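Once you have looked at the hints, place chain L on chain E.
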Amino acid sequence: MRPFNGINRRSFLVRAFAFCAALVQGWWGRLGSAQADTDYFTGTDFVGKTRVGKFKQFYINYWKPLRRIKAEDWTLEIGGLCESPHTFTLDEIKKLPAHTQTTRMKCVECWSAKAEWSGFHFSELMKLCPPQPEATGVVFHCGDVYKEHLSLEDLSHPRTLLVTQMDGAPLSDEHGFPLRVIVPSKYGYKNPKAIVKIEYVSELQYGTWSKIGPYSPDGTILPGTDHPLDLGKTPHRISGGEIKDY
Amino acid sequence: MVTIPEGPFTMGQGKQPPHGPERRLFLKSFQIDQSEVTNEEFKEQFPNYRFRKGATQHPKTKVSWYEAKQYCEKVGGRLPTEPEWEKAARGASGSVYPWGDRKPKKLPHPFYSGVVKKNVGSSKTDVSSYGIHDMAGSVWEWTDDSQGSLKIIRGGLWNHHLDFEYSKAFEKATIPPGERLSFLGFRCVRSME
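So the sequence lines, in the order shown, correspond to chains E and L.
So in our numbering, spot 120 of the first sequence is number 120, and the numbers just go up one at a time.
So in our numbering, spot 24 of the second sequence is number 270, and the numbers just go up one at a time.
Keep in mind that a hint or two might mislead.
Claimed, not checked - Computed list of lysine-lysine pairs in BS3-like fashion (alpha-carbon distance at most 27 angstroms, straight line):
1) E/K244 <-> L/K414
2) E/K197 <-> E/K64
3) E/K147 <-> L/K308
4) E/K147 <-> L/K363
5) L/K414 <-> E/K233
6) E/K211 <-> L/K299
7) L/K308 <-> E/K211
8) L/K308 <-> E/K127
9) L/K299 <-> E/K147
10) E/K211 <-> L/K352
Stated by the list, open to error - With the Cβ distance kept under 10 angstroms, some of the chain L side facing chain E (calculated, not the full set):
11) P264
12) G360
13) F429
Because the hints were derived from the structure by calculation, they are not lab data.
Note that the structure is predicted; figures quoted are calculated from it, not measured.
Virtual Cβ for every residue (Gly too), placed ideally from N, Cα, C.
Pulled out of the complex, with its shape left as it was, chain L reads as follows:
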């Protein structure tokens, strides 16, 4: 895990929902997984879990919010809140993407309709100022926060279909907590006393 230092950060963008209002918040220090939880890590906690060959270091997906929460608790953590996730992605400066404010010119996987999974942490670009990997790409991630009966997810995809327009660090979406979807994984955090 990586320690995110105590201090202020920028959350949201613009004045209106779904991204706004933009505001400055203060968070105490916390620790967050450097990368999304992998198939291999998930299997260590749930030995009956099976995944295909060659996908050991791929992010664990098709996981419900309840299963993700259970995993994090087993390893002594919890799912991140939205502010924790966004601070880890944007850094104290509040950049649009984890790497800065400009989107890359090259789309990762043009002309493909699905999720393209890679080993977590393999993108050299998709790294936040705190050294956290894959917060714009790889897969979307569950958070602990809710909107009504739905859970808020954060992140983006390595996928042309959406391009980087949908990988901004303040992007969010909502999903029923029981759903298991191929584009949705998670990472854990720990509070620091």
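Chain E with its partners taken away, still in its complex shape:
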């Protein structure tokens, strides 16, 4: 192909590809924003990602929309490298020794939000369903098909809770009814919601986000800047690990 006005076949194709990529990026960006800012789920049988209404103060991310979990239908299965696999009902879970703490949850996407969480320590479940000696962590399986791995060391941290209540009330569907994890030193994607199964495993496993995106499987909150939703997103320097300063 003869160059035309300084443009040959190769540079024409490169420019055309870049133009198309920009169009797709713009369209996708608007779509993503619309998904978060539109209330698709209120009044439906489903729950999913939302940032509208009261959730402007505590963003909700789900991997996929899920059908709202009914308390009477829900069970928690514990298996994998477990000495005695067991299935719990919600009433059984609620009877475990309760603990309450205030924790700020920090998202890897820069925002954070604070709440009072109530639940129990993972050690209570370990007493009832002890891991086999080779188990080093667990995979949490969630109602939205999300998976996340946490080590037994992280789960044994005194600030790590399996949570059934938020701000004095049962977890809402948006915040992971009926059971979620709060690991204060880790980004939000290491705090799985709407848990339906806990599987003991012997090796680190990549969770859903770590498999598909640039998210570290470790997920520890790093030193940097936070933009807390409850403080008008004003930049706050953080030291890394759990945020306790505000």
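Positioned in the frame of chain E, the structure of chain L alone reads:
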């Protein structure tokens, strides 16, 4: 270990906390580890310690302040004070970064949310005028100094999420001494009589 000569240096930046006030301090000579303590070195002192294959020369992390202090004492040293750490990083001239005052144009690991560990001392850029490695990158490091009940940590990360804005040689943060975090390691110093 590398010997840092006796003499003055610049500590802090600006007039206000957390980095200021900037002042000139004088330190007697001391020795400091050229690189952060590695998994292999840690295992020599604590034989039950296990780490994953291929990480022999990675910095030892997920270590509490108490464990770091215990290691340094076992090898005949101690954790550095803040002034010692900062002098080793900035040199006598008080540069912003260990290598000088300008940040590199290229970010080390763009678009990744976690810590990227490499063998200690592998960065050719991150070397102070005294020949001390990885004081802007690699991992943050425990110091012996406190702020209330928290311990002061110094350093920076090889990580885009923070970029070099958080790797200046006068940067500091505070962490509870019992925490074991994946971005936090240490190195030791020795006083010279």
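Hints and how they fare:
no., hint, in the structure
1, E/K244 <-> L/K414, "holds, 24 angstroms"
2, E/K197 <-> E/K64, "holds, 17 angstroms"
3, E/K147 <-> L/K308, "holds, 24 angstroms"
4, E/K147 <-> L/K363, "holds, 25 angstroms"
5, L/K414 <-> E/K233, "holds, 25 angstroms"
6, E/K211 <-> L/K299, "holds, 21 angstroms"
7, L/K308 <-> E/K211, "holds, 23 angstroms"
8, L/K308 <-> E/K127, "holds, 26 angstroms"
9, L/K299 <-> E/K147, "holds, 25 angstroms"
10, E/K211 <-> L/K352, "holds, 26 angstroms"
11, P264, "holds, 8 angstroms"
12, G360, "holds, 2 angstroms"
13, F429, "holds, 6 angstroms"
Going through the hint list in order, the structure satisfies each hint without exception.
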